[in-house]
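Residue numbers (the numbering used here), protein chains in the order written: chain A, 1 to 269; chain B, 270 to 522.
Treat the hints with caution; some may be incorrect.
To be verified - Each computed SDA-like pair below joins lysine to any residue, with the alpha-carbon atoms no more than 20 Å apart:
{"#": "1", "chain 1": "B", "residue 1": "398", "chain 2": "A", "residue 2": "195"}
{"#": "2", "chain 1": "A", "residue 1": "142", "chain 2": "B", "residue 2": "339"}
{"#": "3", "chain 1": "A", "residue 1": "138", "chain 2": "B", "residue 2": "335"}
{"#": "4", "chain 1": "B", "residue 1": "436", "chain 2": "B", "residue 2": "345"}
{"#": "5", "chain 1": "B", "residue 1": "368", "chain 2": "A", "residue 2": "190"}
{"#": "6", "chain 1": "A", "residue 1": "142", "chain 2": "B", "residue 2": "373"}
{"#": "7", "chain 1": "A", "residue 1": "180", "chain 2": "B", "residue 2": "393"}
{"#": "8", "chain 1": "B", "residue 1": "398", "chain 2": "B", "residue 2": "388"}
{"#": "9", "chain 1": "B", "residue 1": "373", "chain 2": "A", "residue 2": "187"}
{"#": "10", "chain 1": "A", "residue 1": "189", "chain 2": "A", "residue 2": "117"}
{"#": "11", "chain 1": "A", "residue 1": "189", "chain 2": "B", "residue 2": "361"}
{"#": "12", "chain 1": "A", "residue 1": "189", "chain 2": "B", "residue 2": "390"}
Because the hints were derived from the structure by calculation, they are not lab data.
Just so we're clear, the structure is a prediction, and the values are computed from it rather than from any experiment.
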Amino acid sequence: MSMNRRQFLTFAGLSTILGVGSATAINSIARGGLEASQVSPDPKQMKAKRWGFVVDVSKLKTDEDYQKCIDACHNIHNVPSHKEPRHEVKWIWKDTYEHTFPNTAEDKIMNKELQEKNFLLFCNHCAAPACVRVCPTKATFKRQSDGIVMQDMHRCIGCRFCMAACPFGARSFNYVDPRKDSAIKVENKEFPTRMIGVVEKCTACYERLAVGKQPACAEASNGAIVFGDLEDPNSEVRRLIAEKYTIRRKPELGTQPGIYYVIGGGEHA
Amino acid sequence: MYNSGKIIAGIVVFFILAALPFLLNLGKANAKIETSIDTPEINAMPVKQCVESKEFMRSEHMQLLNDWRDEVVRNGNRIYTSRSNGRQFAISLQNTCMKCHSNKKEFCDKCHNYLAVKPYCWSCHIAPKEEKGTGAMTSMQQALLPASVKLFYQTGKADPPADAAQKLSALIDYLKAHPDSMVDISGYVDRTGDPDKNAELAKDRAKTVREILKASGIPDERINMKKPEVVTGTGSAEEARRVEVSISSAKGV
Numbered sequence: 001m002s003m004n005r006r007q008f009l010t011f012a013g014l015s016t017i018l019g020v021g022s023a024t025a026i027n028s029i030a031r032g033g034l035e036a037s038q039v040s041p042d043p044k045q046m047k048a049k050r051w052g053f054v055v056d057v058s059k060l061k062t063d064e065d066y067q068k069c070i071d072a073c074h075n076i077h078n079v080p081s082h083k084e085p086r087h088e089v090k091w092i093w094k095d096t097y098e099h100t101f102p103n104t105a106e107d108k109i110m111n112k113e114l115q116e117k118n119f120l121l122f123c124n125h126c127a128a129p130a131c132v133r134v135c136p137t138k139a140t141f142k143r144q145s146d147g148i149v150m151q152d153m154h155r156c157i158g159c160r161f162c163m164a165a166c167p168f169g170a171r172s173f174n175y176v177d178p179r180k181d182s183a184i185k186v187e188n189k190e191f192p193t194r195m196i197g198v199v200e201k202c203t204a205c206y207e208r209l210a211v212g213k214q215p216a217c218a219e220a221s222n223g224a225i226v227f228g229d230l231e232d233p234n235s236e237v238r239r240l241i242a243e244k245y246t247i248r249r250k251p252e253l254g255t256q257p258g259i260y261y262v263i264g265g266g267e268h269a
Numbered sequence: 270m271y272n273s274g275k276i277i278a279g280i281v282v283f284f285i286l287a288a289l290p291f292l293l294n295l296g297k298a299n300a301k302i303e304t305s306i307d308t309p310e311i312n313a314m315p316v317k318q319c320v321e322s323k324e325f326m327r328s329e330h331m332q333l334l335n336d337w338r339d340e341v342v343r344n345g346n347r348i349y350t351s352r353s354n355g356r357q358f359a360i361s362l363q364n365t366c367m368k369c370h371s372n373k374k375e376f377c378d379k380c381h382n383y384l385a386v387k388p389y390c391w392s393c394h395i396a397p398k399e400e401k402g403t404g405a406m407t408s409m410q411q412a413l414l415p416a417s418v419k420l421f422y423q424t425g426k427a428d429p430p431a432d433a434a435q436k437l438s439a440l441i442d443y444l445k446a447h448p449d450s451m452v453d454i455s456g457y458v459d460r461t462g463d464p465d466k467n468a469e470l471a472k473d474r475a476k477t478v479r480e481i482l483k484a485s486g487i488p489d490e491r492i493n494m495k496k497p498e499v500v501t502g503t504g505s506a507e508e509a510r511r512v513e514v515s516i517s518s519a520k521g522v
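So here's chain A without its partners, still in its complex pose:
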């Protein structure tokens, strides 16, 4: 059999198209996985366009009130408490006014009571999260459905770009195995722990929202933390934001944080 150049090129070209095309076709047919009809959200799930928080620390009187919120979160999420401060892992914590709102800290003429108060800090679930932009594996991502900034521990490679990117220090790295040295006091068997080398953070209790429960901190806060839909004009959070004077942490950075801190009471404002 003899073949001239034209015939050879035609043959080679056609067989390439055929080969590549059929491989793609076969792959798309034989791709395993679940059909869309097989999975569905829990009917009890709480839905919102964008979840957000309003925090009124004037309702937290004593250190125990703060600790209750922190423990509620850390206990159900198996967050370790390491003795070594540089190994610290935290999802929710408290800090001074000066550290919470550093851009206004030099303001000498202001409400002393407020200035001496501690604030409850956790992930802001920003609308434009810097951590999500830098994550090379999409381990941290913004949920399209409700705006929660999620952390997929399965994908995290521990590069810590997100920790550098987050302006709020909301992320912690597991420098040591969280299961060692009984750092987790009481294990919650319903929730996983993390492993050494991954970054973790507040996930707005996505596992509780999925079954229709409020985030644990809001539940334990005695009304100091109000959770709700920021996009819904009739929600409790929107009502509070409309009524009271609230500020957010570092809004000038443009990440659109989702925690509103009440500054001063509604009656006098």
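Using the hints provided, position chain B relative to the given structure of chain A.
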């Protein structure tokens, strides 16, 4: 060919050595691994059925778990509808899979170890608590379990106390109701006396309890004479001279 005898002999020896592993394992190469589904939760099911068919789970569970993971973490879908039987399940390794398969060592690990695969699930997900080397005991089962019975003895005597039968009755009832359960018997002595004699005495005390159980119709093979590591019992002398009887767990798990 020079030295043909040596060369041929050498080749023969080489082939025998090379084939030795195959020859030695001839006939027993099909070592089968049997995973156990003998857990209280599965036993309580009227129809023993997993999320999907056994064959599907056997070959596809890793893919299914990956899909489950992505659906929950990335897409927020938490309910799975079975392809084979239409039932709905909460998508969760810890709260669905391991609630039934509470015997990870006999179920997951057996196969994974055999195939030398090390899934990293358990570096984060919490495995169910298991009794050493045996099937898992659930909190439900433990609630039904009678507490371990302590029988107290007189100094230097192996005669069972008068209230022995009465104290053991709840335990015997449990053993009769659960034909696959086992019972552990451990004898202890107090601090006084010769150590060798004491070891014998502890054993004799345990034997008297075995006789009582046998007399009540518990077969010998379900009674486990468990020699304690330290035969000197804890507590005061009266408390130390004792035999402890407790339900260990299902047998053959």
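Verify the proposed pairing of residue 436(B) with residue 345(B), using a straight-line Cα cut of 20 Å.
53 Å, violated
Distance restraint between residue 189(A) and residue 390(B), which requires alpha-carbon spacing of 20 Å or less:
14 Å, holds
Would the hint linking residue 189(A) and residue 361(B) be met if the CA-CA limit is 20 Å?
12 Å, holds
Need the status of pair residue 373(B), residue 187(A): alpha-carbon distance at most 20 Å?
18 Å, holds
Proposed proximity, residue 117(A) with residue 189(A) (alpha carbon, max 20 Å):
Given pair residue 189(A), residue 117(A) is violated - Cα atoms ~35 Å apart, limit 20 Å.
Mind checking the alpha carbons of residue 142(A) and residue 339(B) for me, to see if they're no more than 20 Å apart?
Status holds; Cα separation ~14 Å.
Given the proposed pairing of residue 138(A) with residue 335(B), does the C-alpha separation stay at or below 20 Å?
16 Å, holds
Just to be careful, I want the Cα atoms of residue 142(A) and residue 373(B) compared with a cutoff of 20 Å; is the pair within it?
The given pair, whose Cα atoms are some 34 Å apart, is violated under the 20 Å limit.
Between residue 398(B) and residue 388(B), does the CA-CA distance stay at or below 20 Å?
Within the cut-off at roughly 18 Å; holds.
Against the 20 Å threshold, does the CA-CA distance of residue 180(A) and residue 393(B) hold or violate the hint?
12 Å, holds
Given the hinted pair residue 368(B) and residue 190(A), is their alpha-carbon gap at most 20 Å?
Given pair residue 368(B), residue 190(A) holds - Cα atoms ~10 Å apart, limit 20 Å.
Pair hint outcome, residue 398(B) versus residue 195(A) [Cα-Cα no greater than 20 Å]:
This hinted pair holds, its Cα atoms lying about 19 Å apart.
Checked against the numbered hints listed earlier, the structure breaks hints 4, 6 and 10; every other hint is satisfied.
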